[in-house]
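Visitor: Here's the letter readout for the chains.
Number of protein chains: 2
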Amino acid sequence: MTRYQHLATLLAQRIEQGLYRSGERLPSIRSLSEEHGVSISTVQQAYYLLEEKQLIHSQPRSGYFVASRKAVPPVPALSKPVQRPVEISQWDEVLDLLSGRMETDMLLLGNGSPDLTQPTLKPLWKILSRQAQKQDPRILAYDSIVGCLPLREQVARIAIDSGCQLGPDDIVITNGCHEAISVAIRAVCEPGDIIAVESPSFHGIMQALRGFGIRAIEIPTDAVTGMSIEALELAFDQWPIKAVIVVPNCNNPMGFIMPEARKRALLALVQRFDAAIIEDDVYAELAWEYPRPVSIKSLDVDGRVLLCSSVSKTLAPGLRVGWVAPGRYRDRVIHMKYIVTGSTVTQTQYAVAEFIRQGYYQPHLRRMRQIYQRNYETFSCWVRHYFPCGICVSRPQGGFLMWIELPEAFDAVLLNRELRASGIQVVVGSLFSASGKYRNCLRLNFTFPLDARTEQAVALVGAAVERAIASCAA
Amino acid sequence: MTRYQHLATLLAQRIEQGLYRSGERLPSIRSLSEEHGVSISTVQQAYYLLEEKQLIHSQPRSGYFVASRKAVPPVPALSKPVQRPVEISQWDEVLDLLSGRMETDMLLLGNGSPDLTQPTLKPLWKILSRQAQKQDPRILAYDSIVGCLPLREQVARIAIDSGCQLGPDDIVITNGCHEAISVAIRAVCEPGDIIAVESPSFHGIMQALRGFGIRAIEIPTDAVTGMSIEALELAFDQWPIKAVIVVPNCNNPMGFIMPEARKRALLALVQRFDAAIIEDDVYAELAWEYPRPVSIKSLDVDGRVLLCSSVSKTLAPGLRVGWVAPGRYRDRVIHMKYIVTGSTVTQTQYAVAEFIRQGYYQPHLRRMRQIYQRNYETFSCWVRHYFPCGICVSRPQGGFLMWIELPEAFDAVLLNRELRASGIQVVVGSLFSASGKYRNCLRLNFTFPLDARTEQAVALVGAAVERAIASCAA
Ligand SMILES: Cc1ncc(COP(=O)(O)O)c(C=O)c1O
Ligand SMILES: Cc1ncc(COP(=O)(O)O)c(C=O)c1O
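Protein chains in written order, with our numbering: chain A, 1 to 474; chain B, 1 to 474.
Because the hints were derived from the structure by calculation, they are not lab data. All C-beta atoms, glycine included, are put in the ideal place defined by N, C-alpha and C. One should not assume that every hint holds.
In silico lysine-lysine, BS3-like type, Cα no more than 25 angstroms apart, as pairs [as the list claims (entries may be wrong)]:
id: 1; chain 1: A; residue 1: Lys126; chain 2: B; residue 2: Lys122
id: 2; chain 1: A; residue 1: Lys126; chain 2: B; residue 2: Lys126
id: 3; chain 1: B; residue 1: Lys437; chain 2: B; residue 2: Lys242
Calculated Cβ distances over 10 angstroms to all of chain A for the following chain B residues [said to hold, decoys possible]:
id: 4; residue: Asn111
id: 5; residue: Ile160
id: 6; residue: Val345
id: 7; residue: Glu408
So the derived label-pair ranges between C-beta atoms look like this [what the hints assert, rightly or not]:
id: 8; chain 1: A; residue 1: Gln44; chain 2: B; residue 2: Asp331; range: 18 to 28 angstroms
id: 9; chain 1: B; residue 1: Trp239; chain 2: A; residue 2: Pro259; range: 38 to 48 angstroms
id: 10; chain 1: B; residue 1: Pro150; chain 2: A; residue 2: Gln54; range: 36 to 46 angstroms
id: 11; chain 1: B; residue 1: Trp239; chain 2: A; residue 2: Arg357; range: 49 to 59 angstroms
id: 12; chain 1: A; residue 1: Glu418; chain 2: B; residue 2: Arg332; range: 28 to 38 angstroms
id: 13; chain 1: A; residue 1: Gln44; chain 2: B; residue 2: Asp169; range: 20 to 30 angstroms
id: 14; chain 1: B; residue 1: Val86; chain 2: A; residue 2: Gln238; range: 34 to 44 angstroms
id: 15; chain 1: A; residue 1: Glu87; chain 2: B; residue 2: Gly390; range: 52 to 62 angstroms
id: 16; chain 1: A; residue 1: Arg453; chain 2: B; residue 2: Pro150; range: 25 to 35 angstroms
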């Protein structure tokens, strides 16, 4: 962090904590410069930054003032889903969301795709191009059913950062994390079984359960600490739960990181009931804290955790390179993988392996973490500024997703329909529940450049929300 | 065909028909040259070719003689599988086969991969390299769930050759034909349902049924004309069959092309019982007849045929580009596709679309058809020469697979184990049955260069078979 960023952060914290109140005049540039022993221009830059984030505004000839603003919206309360296993539907809404991808001029605030324009991706293009120039027929051939060895070696290497000691044989490559989850589910369950999920829970997980005839029991989940262990225990007491699926690090949609103590408690509970854990780690390397939070897999002693991940959020989703570290379920996972798609695309596997091996992965991750964290700061200011009062907003600790809870009577499905006419797509919360909850919630991403178009889109969403809430009340 | 090839074919036919008998002296070079009005050197070249194929041999100073040889082995008789639905197992054997792929110095006579070394593939490499150089972020992004439009357009175009009138919206792109089949099965069935399959039937189809808890009823299948319609009708009378899966064009493993009249009869029968047909078309463009045989899909009037295919056998399997034309089951197919893997890898889709669009696909197919047909001719001579009497051999009409039936008591599993120690892998027939049949059968491919190594491998397999048969008899 540079000096001025440091100062800006400090001032923002003071504002946040109420030390400087709404409308209050801020210290003069000279006095701040003296207080902190920095140059005048450093203070000026810090103030510019805060102004950009709309935390303060300048008044010509009188100085800087704390923006008259709403209080920071609270995070959503612990979720209260239905306390019994339910069948999953919501496919029409998912399809509607997916079909937005095809409309190229739509601003996809609902998309789960990372920013693909950064220069740290350039080496990936080079590797792809060199591969094609070498004309190695291996690239065109069926790959091994478990995935190519060079990639499994690199995946084992990066898994060390999550605390895992894995070898290449502990990993099975898949078509993205999506296939990893779907084969993991098939490996631990039979149709009709019950799996516990977070609530809200990623729609891809829900649909994968749907596809195999699994019933989901949604467990109350805290927006800051994750799935409630207490509620999970009650559910285990009551139902024959075969497995628990969690996204404990940089959760989709809520962005929390489950504290390590909770991860341990979750694992101990699952052990006690002799169930499995399917851990979706796909956003974990985008955690803003460094080193990245540990995976539950790293705490696993008896192979009951199936770690699922991919490069879809960290590098590029179109590569379709994911993996599962299946623990004791390896044989069944390989079988299910063969059943579902046969082997995985060859070229992109080798490309990703090369990208990591040559040392381009960590610098890329560093950059992306910074970009998303910076985006988040601005984006949450915009949301605070343009959205009405009375909403709850998640506090992501990594990744690029934000979850907004609106008043109970609000219908995000209608809102989304209205917004699409203006060329903006958001995700409607009801996709994240099997029991029809979260119709009053939205998920937004903050991967887009922080330019006028994006700000305008957020403003437009905020205004539409405000109108909708007003008409609810009327 | 050149003159000498033409002459060689003519002479081979005469030998086949018994006009020149085993051990008989062939006409002198001069007399043949006069008879056919061709040059001496043309006759010489024709004789060299026949010698290479071991149909004739030369005796210094006395001329050419018909090789003393066994009779052409008959094709296998109509199969007689168990007449009730069975659950599928055989996974261990499939896994064993797949793990052969990882042993790079193994001669994979059991592999289903095409020849990837031909110059007509060069433009594909160029396209892949140019794509990477252009750095179009679209290539790295999630593709539409149904696959990219340019590819769906080209697939619709090439489907015309099979007699189908399809638009891009009638096609859903998948991770190879494998995923196409697995989503097609899920789209038409529920776990516990019954599907009718050919017997023998491709192990990938069997395992896809297994994965979804479907029972298979194996229908007697003729090595020349395909699934017995009469037997299928009996099965329909007796069981609630939801769908029929067939590989009617260049069948895997038997290589037959189902006559068009039979295709019509099959469709009519399935219509009568209101079931669906899953048609696996993956080898059809490698039929040696031109134009290619029609698909059953092309005869479909009410959308009950799901056509599954890919470029895995025609271009390259590592691209993982396949598709399904799902007819009336489109919505369910898209849903199942999302459930299983999410979207398909982006880059190779665009590459295949470009390859077809720029006109490289047909010339490549022409070349591959010729190569495989030529390979087949030599390969079947080798089999006849090196294998013992008393076997049946399929007469493929396209593709690159050959099915060999050995005496009932023969155990191909043991044989395969023995061969692998010598660095050769074949496919054991039992993979192609859900009810434990075909343990006495082998599938070989003839994609390898017709060189000494390949001939030696065939000789080795033949000798091992001969020894095994002798020890059976003892
Ligand atoms: C939590 C979570 N898991 C899995 C996936 C799917 O990842 P992939 O694109 O690698 O299949 C996503 C993507 O949206 C996700 O958000
Ligand atoms: C008949 C048949 N169908 C489907 C497949 C699978 O094709 P793909 O590699 O495109 O998934 C094969 C490949 O072995 C096959 O032989």
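Visitor: Decide if the proposed pair is consistent with the structure: Lys126 of chain A and Lys122 of chain B, CA atoms, cutoff 25 angstroms inclusive.
Guide: holds (19 angstroms)
Visitor: Honestly, do Gln44 of chain A and Asp331 of chain B meet the 18 to 28 angstroms range at C-beta?
Guide: Since Gln44 of chain A and Asp331 of chain B have Cβ atoms about 59 angstroms apart, the given range 18 to 28 angstroms is violated.
Visitor: Should the hint that Pro150 of chain B and Gln54 of chain A are 36 to 46 angstroms apart at their CB atoms be regarded as holding?
Guide: holds (43 angstroms)
Visitor: Go ahead and decide if the range 38 to 48 angstroms is satisfied by the Cβ distance of Trp239 of chain B to Pro259 of chain A.
Guide: Cβ of Trp239 of chain B to Cβ of Pro259 of chain A: about 55 angstroms, so the range 38 to 48 angstroms is violated.
Visitor: Please test the hint of 34 to 44 angstroms on the beta carbon pair from Val86 of chain B and Gln238 of chain A.
Guide: This hint holds: roughly 38 angstroms between Cβ atoms.
Visitor: Note whether the CB distance of Trp239 of chain B and Arg357 of chain A lies within 49 to 59 angstroms or breaks it.
Guide: holds (54 angstroms)
Visitor: Holds or violated: is the Cβ of Ile160 of chain B farther than 10 angstroms from all Cβ atoms of chain A?
Guide: At roughly 25 angstroms from the nearest Cβ of chain A, Ile160 of chain B sits farther out than 10 angstroms, so the non-interface label holds.
Visitor: Taking 20 to 30 angstroms as the hint, is the beta-carbon distance of Gln44 of chain A and Asp169 of chain B inside that range?
Guide: violated (58 angstroms)
Visitor: Regarding Glu418 of chain A and Arg332 of chain B, is the given constraint of 28 to 38 angstroms on their beta-carbon distance met?
Guide: holds (30 angstroms)
Visitor: Indicate whether the distance between the beta carbons of Glu87 of chain A and Gly390 of chain B respects the range 52 to 62 angstroms.
Guide: Holds, since Glu87 of chain A and Gly390 of chain B (Cβ atoms, about 57 angstroms apart) stay within the stated range.
Visitor: Beyond 10 angstroms from chain A, beta-carbon-wise, is Val345 of chain B?
Guide: violated (4 angstroms)
Visitor: Taking 25 angstroms as the top limit, are the C-alpha atoms of Lys437 of chain B and Lys242 of chain B close enough?
Guide: With Cα atoms ~23 angstroms apart, Lys437 of chain B and Lys242 of chain B stay inside 25 angstroms; holds.
Violation of the numbered hints given earlier is confined to hints 4, 6, 8, 9, 13; the remaining hints are satisfied by the structure.
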